[in-house]
Amino acid sequence: MQLVSGGELFDRIVEKGFYTEKDASTLIRQVLDAVNYLHRMGIVHRDLKPENLLYFNPLDESKIMISDFGLSKMEGSGDVMSTACGTPGYVAPEVLAQKPYSKAVDCWSIGVIAYILLCGYPPFYDENDSKLFEQILRADYEFDAPYWDDISDSAKDFISNLMEKDPAKRITCEQALRHPWIAGDTALCKNIHESVSRQMRKNFAKSKWRQAFNATAVVRHMRRLQLGSSMGSSMDASNPPTRTSQTQKLVQSQNPPAQSPNMGQAAQIQSAKACASKNSSIDGNISAPCKECTYTCLRKLVTGQNPKQTK
Numbered sequence: 001m002q003l004v005s006g007g008e009l010f011d012r013i014v015e016k017g018f019y020t021e022k023d024a025s026t027l028i029r030q031v032l033d034a035v036n037y038l039h040r041m042g043i044v045h046r047d048l049k050p051e052n053l054l055y056f057n058p059l060d061e062s063k064i065m066i067s068d069f070g071l072s073k074m075e076g077s078g079d080v081m082s083t084a085c086g087t088p089g090y091v092a093p094e095v096l097a098q099k100p101y102s103k104a105v106d107c108w109s110i111g112v113i114a115y116i117l118l119c120g121y122p123p124f125y126d127e128n129d130s131k132l133f134e135q136i137l138r139a140d141y142e143f144d145a146p147y148w149d150d151i152s153d154s155a156k157d158f159i160s161n162l163m164e165k166d167p168a169k170r171i172t173c174e175q176a177l178r179h180p181w182i183a184g185d186t187a188l189c190k191n192i193h194e195s196v197s198r199q200m201r202k203n204f205a206k207s208k209w210r211q212a213f214n215a216t217a218v219v220r221h222m223r224r225l226q227l228g229s230s231m232g233s234s235m236d237a238s239n240p241p242t243r244t245s246q247t248q249k250l251v252q253s254q255n256p257p258a259q260s261p262n263m264g265q266a267a268q269i270q271s272a273k274a275c276a277s278k279n280s281s282i283d284g285n286i287s288a289p290c291k292e293c294t295y296t297c298l299r300k301l302v303t304g305q306n307p308k309q310t311k
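Heads up: the sequence shown at position 196 corresponds to 196 in the UniProt record's numbering, and the numbers run straight through without jumps.
Source of the hints: derived by calculation from the structure; they are not laboratory data. Glycine included, each C-beta is placed from N, C-alpha and C at the ideal position. Accuracy of the hints is not assured; some may be wrong.
Computed cross-link-like contacts, DSSO-like style, restricted to lysine-lysine with a CA-CA straight-line distance of at most 27 Å [stated by the list, open to error]:
#1 Lys202 x Lys190
#2 Lys156 x Lys63
#3 Lys169 x Lys99
#4 Lys16 x Lys63
#5 Lys190 x Lys63
#6 Lys190 x Lys156
#7 Lys202 x Lys156
#8 Lys22 x Lys202
#9 Lys16 x Lys190
#10 Lys190 x Lys22
#11 Lys131 x Lys99
#12 Lys202 x Lys131
#13 Lys165 x Lys131
#14 Lys99 x Lys165
#15 Lys156 x Lys16
#16 Lys169 x Lys131
Just the calculated beta-carbon pair ranges, DEER-fashion [as the list claims (entries may be wrong)]:
#17 Lys202 x Met41: 32 to 40 Å
#18 Pro58 x Ala145: 34 to 42 Å
#19 Leu177 x Leu59: 21 to 29 Å
#20 Phe18 x Met74: 35 to 43 Å
#21 Pro146 x Lys99: 32 to 40 Å
#22 Gln98 x Leu59: 39 to 47 Å
Input sequences plus hints: build the corresponding full structure.
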């Protein structure tokens, strides 16, 4: 366990006065290095998202740390991963399709994060979660003008290879580290801070909107999807939506107790503290990953069901 005091990734980007595609490439390289190490150790994070990417300290040259291992899983332990878990918007298509999945789900999530780092808004969005999941299942995203006009083709190719619908064709972290956008000099140095920070402010809420129940959102909304729920309305891709409204919807539908605006640096699933393993932050070395799935306990808490052992 390590204390990280540098703040969250998006907050630091918004505070900057200068931010380039090259900066985004450097950030993603750090994430890839860390996740590649996890994968070599047989660990799948399963909940990679910007809120779990923290700066180690307040210095400008601070390294990025990965936090919140509450949903992590050992791969190759004999169990096939099939549990629907993760955070809406970052979860891979094969998880929503209820198919057995692998560490490739982390690579998809990194692709989503890279997309946001270059434009400031998420690749998938709809007020209705059933339609949101349909977009993800189809890998239905675009590099919208004018937001992507100043972004290199190399960056778009990098993202497309990570956000590949077929996990068998999706590049691994090791392959991503060799991509020209990461290992070469194809990332542009033009200042994109104004447009990216404006969209980040618009689309991503502060920590007061983050709720402990996000860990179970996927499985509960999948249940609604199976029931054929079709309420809500789609958002025009050319007018990037605000992420706040989606999070507010989750808050309203679950009606959790009020929480203070600052929930701490490393996001934790508070309602499962009693039975979850300790969360960890990873740099080059990690603590033992959790061996009990926090998701199981949360699902029991939210639905009153006693689900089977997660895989």
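Which numbered hints fail: Violated: none.
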